[in-house]
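Could you build all of it, start to finish, from the sequences and the hints given here?
Protein chains in written order, with the working numbering: chain A, 13 to 304; chain B, 11 to 552.
Keep in mind the hints are simulated off the structure, nothing from the lab.
A virtual CB, placed ideally from N, CA and C, is assigned to each residue, including glycine.
Take every hint as true, because none was put in to throw you off.
DSS-like cross-link-like pairs, simulated, lysine-lysine; straight-line CA separation at most 30 Å:
{"hint": "1", "chain 1": "B", "residue 1": "K60", "chain 2": "B", "residue 2": "K474"}
{"hint": "2", "chain 1": "A", "residue 1": "K218", "chain 2": "A", "residue 2": "K182"}
{"hint": "3", "chain 1": "B", "residue 1": "K439", "chain 2": "A", "residue 2": "K146"}
{"hint": "4", "chain 1": "B", "residue 1": "K433", "chain 2": "A", "residue 2": "K70"}
{"hint": "5", "chain 1": "B", "residue 1": "K254", "chain 2": "B", "residue 2": "K515"}
{"hint": "6", "chain 1": "B", "residue 1": "K439", "chain 2": "A", "residue 2": "K191"}
{"hint": "7", "chain 1": "A", "residue 1": "K218", "chain 2": "B", "residue 2": "K439"}
{"hint": "8", "chain 1": "B", "residue 1": "K183", "chain 2": "B", "residue 2": "K238"}
{"hint": "9", "chain 1": "A", "residue 1": "K182", "chain 2": "B", "residue 2": "K439"}
{"hint": "10", "chain 1": "B", "residue 1": "K433", "chain 2": "A", "residue 2": "K218"}
{"hint": "11", "chain 1": "B", "residue 1": "K60", "chain 2": "B", "residue 2": "K515"}
{"hint": "12", "chain 1": "B", "residue 1": "K433", "chain 2": "A", "residue 2": "K146"}
A short, non-exhaustive set of chain B residues, derived as facing chain A with CB atoms under 7 Å:
{"hint": "13", "residue": "S421"}
{"hint": "14", "residue": "L422"}
{"hint": "15", "residue": "A425"}
{"hint": "16", "residue": "A428"}
{"hint": "17", "residue": "L429"}
{"hint": "18", "residue": "T432"}
{"hint": "19", "residue": "Q435"}
Now the stretches of chain A that chain B is said to cover, found in silico as 3 or more residues with beta-carbon under 8 Å:
{"hint": "20", "segment": "103-115"}
{"hint": "21", "segment": "135-148"}
{"hint": "22", "segment": "207-217"}
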Amino acid sequence: MPNPGALMEPELSRAIPEPGPQAAEALRPRGLPLTDAAAITAQPMLQVRNLDLYYGDKQALHGVDLDVKEHTVMAFIGPSGCGKSTLLRALNRMNDLIDGVRVQGSVLLAGQDLYAPGVDVIGLRKRMGMVFQKSNPFPKSIYENVVYGLRIQGVRDRHALDEAVETSLKRAGLWDEVKDRLSESALGMSGGQQQRLCIARALAVKPEVLLMDEPCSALDPIATSRIEELIFELKKDYTIVIVTHNMQQAARASDYTAFFWLGKLIEVGLTEKVFTTPSERMTEDYITGRFG
Amino acid sequence: MARNGTSLPSGLQRGREFLRRGSAFVWLSAAALALSLLMITGLVGFIAVKGLGFFWPRALVQATTPEGPLLGEISAREAALGEEPAKVQFRVANRDLYGQDFRWIKVAELGAQQRPADAVLVERLENGAFIGFVASVSENGRVLASGDAAFEEALGRLPEAQSLQGDIRTIEKDEVGTLNRRLEDLRLRRRGLAPADATALARLEAEEKALRVRYEALQTRLDGLRAKSAELQIILRTVDGQTKEIPLSAVVRLVAPNRTGILGKAGIYAARLWEFVSGDPRESNTEGGIFPAIFGTVLMVLIMSLMVVPLGVVTALFLREYARDGWLVRSVRVAVNNLAGVPSIVFGVFGLGFFVYTMGGAIDQAFFADRLPTPTYGTGGILWASLTLALLTVPVVVVATEEALSSVPRSLREASLALGATKWQTIWKVVLPGAAPGILTGLILAMARGAGEVAPLMLTGVVKLAPAMPLDGQFPYFHFDRKFMHLGFHIYDVGFQSPNSEAAKPMVYMTALLLLLVVVALNLFALRLRRRLRERLGGSTF
Chain A
13 MPNPGALMEP ELSRAIPEPG PQAAEALRPR GLPLTDAAAI TAQPMLQVRN LDLYYGDKQA
73 LHGVDLDVKE HTVMAFIGPS GCGKSTLLRA LNRMNDLIDG VRVQGSVLLA GQDLYAPGVD
133 VIGLRKRMGM VFQKSNPFPK SIYENVVYGL RIQGVRDRHA LDEAVETSLK RAGLWDEVKD
193 RLSESALGMS GGQQQRLCIA RALAVKPEVL LMDEPCSALD PIATSRIEEL IFELKKDYTI
253 VIVTHNMQQA ARASDYTAFF WLGKLIEVGL TEKVFTTPSE RMTEDYITGR FG
Chain B
11 MARNGTSLPS GLQRGREFLR RGSAFVWLSA AALALSLLMI TGLVGFIAVK GLGFFWPRAL
71 VQATTPEGPL LGEISAREAA LGEEPAKVQF RVANRDLYGQ DFRWIKVAEL GAQQRPADAV
131 LVERLENGAF IGFVASVSEN GRVLASGDAA FEEALGRLPE AQSLQGDIRT IEKDEVGTLN
191 RRLEDLRLRR RGLAPADATA LARLEAEEKA LRVRYEALQT RLDGLRAKSA ELQIILRTVD
251 GQTKEIPLSA VVRLVAPNRT GILGKAGIYA ARLWEFVSGD PRESNTEGGI FPAIFGTVLM
311 VLIMSLMVVP LGVVTALFLR EYARDGWLVR SVRVAVNNLA GVPSIVFGVF GLGFFVYTMG
371 GAIDQAFFAD RLPTPTYGTG GILWASLTLA LLTVPVVVVA TEEALSSVPR SLREASLALG
431 ATKWQTIWKV VLPGAAPGIL TGLILAMARG AGEVAPLMLT GVVKLAPAMP LDGQFPYFHF
491 DRKFMHLGFH IYDVGFQSPN SEAAKPMVYM TALLLLLVVV ALNLFALRLR RRLRERLGGS
551 TF
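Next comes the structure, spelled out in structure tokens:
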């Protein structure tokens with residue numbers, strides 16, 4: 013099966029032979045402003061401070077410092093193995109599940125340190141929705157998938173659940189497609205629908221931050237563009253961090269871009285700036301497809 | 011045909027190609043599969059033919075021998091072997107008259123053979139079958155019919171006589187049984203009474219007296235019924251002129267195979283098969299049905315499943331999900347796997363020592379002290395047997411469950427955790443449902459192993475003949491302390507412990523066949539369940 017991301021990357025190098033304002037413009041969906049003025053003045057939602065992460069003896073993240081502002085989209089880019097997914101998973105402490113992971117430094121969610129001793133990890137994860145690289149709906153009905161997070165919180169009120177299903181699916185742009193088959197298995201949906209269902213499932217628990225780990229890497233271009241539109245919609249209410257291999261996607265969908273290389277944060281800034289006038293030579297090389 | 015420029019591959023090259031493609035191994039594995047299938051179908055076929063053929067009514071052959079005339083079914087033939095002449099085995103039945111059911115006759119000594127149309131085979135409640143002729147039917151000594159009409163008369167009167175017999179059995183088993191239990195209950199209450207409590211004693215005595223009166227009334231009714239059932243007598247005559255008079259109510263079935271058409275025979279076949287599957291055993295298990303054994307086997311396997319699944323699943327859950335992987339967990343895993351290789355009789359001894367004597371003894375001390383020294387749970391019973399088998403099969407479930415748990419995709423666990431679920435919620439709502447088909451696979455293997463196991467049961471609760479079933483209409487309906495019958499043990503008992511094993515041979519085949527069918531049926535049920543679960547999981551392969 014062809015990987016849409018892999019197919020699009022050579023195209024990217026054709027599209028932007030030299031970084032320049034026209035190139036970034038070309039990558040944006042038509043009519044969208046380059047960066048919202050609000051995005052620049054927003055308050056930081058997530059603050060990563062001097063974060064080191066070790067897998068056993070191997071250091072995967074080196075002193076990362078990063079701010080993600082409220083109601084903005086932050087894209088993590090970088091070659092495979094650069095630590096961008098690791099950082100994403102460090103944000104909601106999913107790395108805790110892996111044996112031998114050690115973390116130093118801090119991550120603040122609205123000022124509260126996630127790695128402070130005695131933090132309620134479960135409560136924390138409720139505040140951060142996560143969407144994975146491969147869509148992973150539960151082998152249950154569409155309805156049960158959406159209400160899963162609410163059910164484990166002990167919500168039993170049928171009315172509240174029904175309402176959550178409708179709002180979440182509408183927000184994820186899936187309602188019209190599935191409203192008549194909510195009781196059918198989620199596994200019968202197409203890949204793009206499954207991924208949007210996973211987004212709806214994450215939205216149903218009313219998170220503040222949405223973490224997306226290459227959400228489109230297994231999707232075809234049409235499904236990908238739907239997800240990107242969705243991201244643009246969702247940022248009004250959520251703070252979004254997205255890991256992507258697809259530079260066009262980062263350019264189109266994000267307000268800020270962070271470039272990682274070998275576990276180090278090389279450059280972070282407004283997407284417009286990172287893609288047009290990167291301050292680091294390495295960023296430029298990567299964006300123009302000279303390595304990575 | 012060789013083309014220009016290319017030569018035919020040499021034999022050596024072709025051989026190499028054959029090996030390189032692995033064709034040799036494909037053939038080898040196919041042959042191994044074929045051999046296994048052949049052995050299995052051969053075994054099942056052999057059992058089925060030997061067992062199922064037994065119920066077909068065979069012709070009654072009359073022959074003359076130097077010792078007088080002889081009438082019976084030809085049950086086996088033996089060709090001449092060296093000095094030994096060719097022989098024929100006749101099933102002559104009439105155990106009460108001849109002392110044995112079978113007779114070997116040299117072929118050379120057999121005179122003229124014929125198949126008398128009026129020859130009958132009478133299946134009786136006692137002493138096995140009778141082969142001969144119906145002389146007459148009488149009521150209170152008055153002859154109702156004789157000669158040719160006697161068979162028809164007997165056949166016509168048989169249902170009535172049998173229903174009478176059924177009434178007697180019901181009273182004996184149910185009503186008298188209930189009274190006996192209540193009397194026993196009274197006796198126990200009396201024992202537990204303080205000696206000074208005169209009013210209570212008087213009340214108990216009055217109650218007991220009332221019961222005794224009812225008992226007497228029942229006995230009178232029974233005597234009346236018995237006398238009535240003895241009124242109708244059938245007089246049978248053997249081929250060598252002996253006569254035998256038995257009550258018609260003691261007759262199970264009258265068969266005249268020499269004048270019954272194929273349809274009639276099929277009817278008899280079906281009736282016999284039904285009796286075998288649904289009836290109670292008679293004549294120290296060599297005749298009648300094996301329903302209690304089927305019931306005991308199924309119930310024991312079900313109780314075992316109820317015990318082994320939670321035990322195995324919880325063990326596997328802890329090992330796989332919670333325990334930190336280290337030398338301790340690894341050695342526990344090795345120990346669990348090795349448990350599967352312990353001889354089953356060792357489990358039986360353990361069950362006897364731990365469950366029956368220790369746990370059962372403690373339960374008796376605590377709850378049934380008034381019945382001591384008669385043990386209630388301190389003796390073998392279906393509960394202890396099921397628990398012993400659950401221990402025996404738990405490694406299978408543990409191994410299968412561990413496999414199933416580890417094959418639930420990590421992405422599903424992460425999805426659940428990312429939504430704020432705790433580890434336990436994730437396991438309960440995502441991991442376990444996902445692992446359910448694999449757990450069921452373990453259960454299927456455990457059931458197949460447990461249903462066929464006999465040795466541990468012999469120590470923990472199986473009996474040759476159980477007076478009552480472990481599940482019946484008597485409060486509290488489930489009697490976990492009761493001993494039970496089991497198909498596997500039945501095979502051993504009937505085939506090798508029976509005084510009349512030659513006559514019981516077909517029963518052994520049939521019992522083996524039924525045990526196979528019971529295991530297959532239980533497995534099919536579990537397979538269906540697993541398929542439905544898999545469908546619900548969307549055909550994913552974990």
